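Protein chains: 2
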Amino acid sequence: VVVLVRPRNPLNIGAAARAMRNFGAEHLRLVNPYAVAFREARSAVGASDVLRTAQEFKSVADAVADCVLVVGTTAVRNRALQHQLRRLHDESARAIRTAMNSGRVALLFGSEKTGLTNEDFTHCHWLLHVPTQEKQISMNLGQAVAVCLFGISSAVPDGVPGDEACTESAAVSGEIEKITQALYEALKISGYVKPGNDAVSEKKVRRLMLRFNLQVMDAKVLLGMLRQIVWKLRQAK
Amino acid sequence: VVVLVRPRNPLNIGAAARAMRNFGAEHLRLVNPYAVAFREARSAVGASDVLRTAQEFKSVADAVADCVLVVGTTAVRNRALQHQLRRLHDESARAIRTAMNSGRVALLFGSEKTGLTNEDFTHCHWLLHVPTQEKQISMNLGQAVAVCLFGISSAVPDGVPGDEACTESAAVSGEIEKITQALYEALKISGYVKPGNDAVSEKKVRRLMLRFNLQVMDAKVLLGMLRQIVWKLRQAK
Chain Y
24 VVVLVRPRNP LNIGAAARAM RNFGAEHLRL VNPYAVAFRE ARSAVGASDV LRTAQEFKSV
84 ADAVADCVLV VGTTAVRNRA LQHQLRRLHD ESARAIRTAM NSGRVALLFG SEKTGLTNED
144 FTHCHWLLHV PTQEKQISMN LGQAVAVCLF GISSAVPDGV PGDEACTESA AVSGEIEKIT
204 QALYEALKIS GYVKPGNDAV SEKKVRRLML RFNLQVMDAK VLLGMLRQIV WKLRQAK
Chain B
24 VVVLVRPRNP LNIGAAARAM RNFGAEHLRL VNPYAVAFRE ARSAVGASDV LRTAQEFKSV
84 ADAVADCVLV VGTTAVRNRA LQHQLRRLHD ESARAIRTAM NSGRVALLFG SEKTGLTNED
144 FTHCHWLLHV PTQEKQISMN LGQAVAVCLF GISSAVPDGV PGDEACTESA AVSGEIEKIT
204 QALYEALKIS GYVKPGNDAV SEKKVRRLML RFNLQVMDAK VLLGMLRQIV WKLRQAK
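The listed protein sequences derive, respectively, from chains Y and B.
Each position in the first sequence, counted from 1, maps to that position plus 23 in my numbering.
Each position in the second sequence, counted from 1, maps to that position plus 23 in my numbering.
Since the hints were made in silico from the structure, they are not lab data.
Everything numeric in this text was worked out from a predicted model, so none of it was measured.
We put the CB at the ideal spot given by N, CA and C, even for glycine.
Keep in mind that a hint or two might mislead.
[Claimed, not checked] To give a feel for the contact side, a few chain Y residues facing chain B, derived at Cβ under 8 Å:
no., residue
1, His112
2, His152
3, Ala169
4, Ser177
[Said to hold, decoys possible] For the chain B half of the interface with chain Y, some residues (derived, Cβ under 8 Å), not all of them:
no., residue
5, Ala84
6, His152
7, Val153
8, Met162
[To be verified] Distance ranges between label pairs, derived from CB positions:
no., chain 1, residue 1, chain 2, residue 2, range
9, B, Gly214, Y, Pro154, 52 to 62 Å
10, Y, Pro154, B, Gly197, 24 to 34 Å
11, B, Lys158, Y, Gly214, 40 to 50 Å
12, Y, Glu157, B, Pro218, 51 to 61 Å
13, Y, Val179, B, Arg250, 46 to 56 Å
14, B, Leu231, Y, Gln107, 51 to 61 Å
15, Y, Arg109, B, Arg109, 50 to 60 Å
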């Protein structure tokens, strides 16, 4: 799944779709695209199935809800990152291919001007970076999509078929987001989260949950626990 | 050196230049570009040094004359190719990086519509192919440049500094072209080349010379021999 967050240029949306067809990515999703750009890209002559079936979402959380792995892309090497940053190379590409054995993987690309925000990053398990020259680190969006998909498609996934069982049960982002929301709710009601400082804490919670690498069953159990706690907390208010 | 042969779209020329800056390629050369496209690309807002210093050539031979290795790109897997075809992968990328120890390497990209012709191929030592899905083998020009340069830039060249001596003396394409022309001239005058069949034979001669992997000194000697032969043949006419 290729997720373009706030894309502004129809040519870049079209270019992303074309690279997806070259390298075999199936689902194009757009988070709050510039409306005109999306319309133009879709109505372009020869628009492919990828473009015609592209879906629009209101938030990154919604766009990645069914994915077992969410990878953000960034040109910046040393933003004060609270995420693991990996170079596009055999090892990181293999990690993505291996995760594809267990479910959908989302690759996030930010807008042409600003890239992904720190808020966007909180939805990511880790960040991917294409090594470039120091002088010119910012890539064209369509080219970045092409390079990343090429790098991923040319890597060989780890493990033999028998190995898949152990990864097959990774929880999708939508489930982890439910846990995040439940825990956050619990933290708010419980007074752990101070009013006026909400945004920071929600991000921290989300990152924490992603680092857990939750399996399906564990996620289900944890969500049940948290919902029970929230229910109790609400009663006690 | 990135050589765009007959490019038609200014956006693609600009995109190629941008990818070159991302991945550290220095010289952009255009063979018979669509004039309007080249003008527009160069006058674009924020045109980079790469674009401003881009050079125009009348022929592929001229554009690659100072290069020790010329690699053509092609989307097609099994055209009736008389050239070695290699996938963009560690091994082929390393071969290019290793050649860069001894001189300039040219990477040729054909026009958006038709790609490189068989005539263009005759100037290449070998051909490079980006592995794609069967259903969609044709890449956008700007994306193809980005993917190839990324693949090459992320490979590690073979050999230690001490090894360079053995490759440092590879003859540049301009020298090999002189040999090709001299030999071809000799073949024409000598009657080996039949009138009406010129084009085919010139290509064959060029490919033959490229396969020799001539070193600087050997090329010099061979050229001297052939020029002498031509001189003699002309006298005898």
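Given a hint of 52 to 62 Å, does the C-beta separation of glycine 214 (chain B) and proline 154 (chain Y) actually sit inside it? 56 Å Cβ-Cβ, so the 52 to 62 Å window holds.
Status of the given 24 to 34 Å range, CB of glycine 197 (chain B) versus CB of proline 154 (chain Y): holds (33 Å)
May I ask you to test the interface hint for alanine 169 (chain Y) with respect to chain B, counting a Cβ-Cβ separation under 8 Å as satisfied? Holds: closest Cβ of chain B sits about 4 Å from alanine 169 (chain Y), inside 8 Å.
Status of the given 50 to 60 Å range, CB of arginine 109 (chain B) versus CB of arginine 109 (chain Y): violated (28 Å)
Minimum Cβ distance from serine 177 (chain Y) to chain B below 8 Å? It holds, given that the least Cβ distance between serine 177 (chain Y) and chain B is near 6 Å, below 8 Å.
With chain B as the partner, please determine if histidine 152 (chain Y) meets the hint condition of a C-beta pair closer than 8 Å. violated (12 Å)
When the least beta-carbon distance from histidine 112 (chain Y) to chain B is tested against 8 Å, hint result: Check passed: Cβ of histidine 112 (chain Y) comes within 7 Å of chain B, closer than 8 Å.
Does the interface hint hold: is alanine 84 (chain B) within less than 8 Å of chain Y, judged Cβ to Cβ? Violated: closest Cβ of chain Y sits about 29 Å from alanine 84 (chain B), beyond 8 Å.
Between lysine 158 (chain B) and glycine 214 (chain Y), does the C-beta distance stay in 40 to 50 Å? violated (57 Å)
Assessment of proposed distance window 51 to 61 Å (beta carbons of glutamate 157 (chain Y), proline 218 (chain B)): Holds, since glutamate 157 (chain Y) and proline 218 (chain B) (Cβ atoms, about 57 Å apart) stay within the stated range.
Quick check on a hinted range of 46 to 56 Å for valine 179 (chain Y) and arginine 250 (chain B), using CB atoms only. holds (52 Å)
Is the hint on methionine 162 (chain B) kept, meaning its closest Cβ partner in chain Y is under 8 Å away? holds (5 Å)
When the structure is compared with the earlier hints, violations turn up for hints 2, 5, 6, 11, 15 and for no others.
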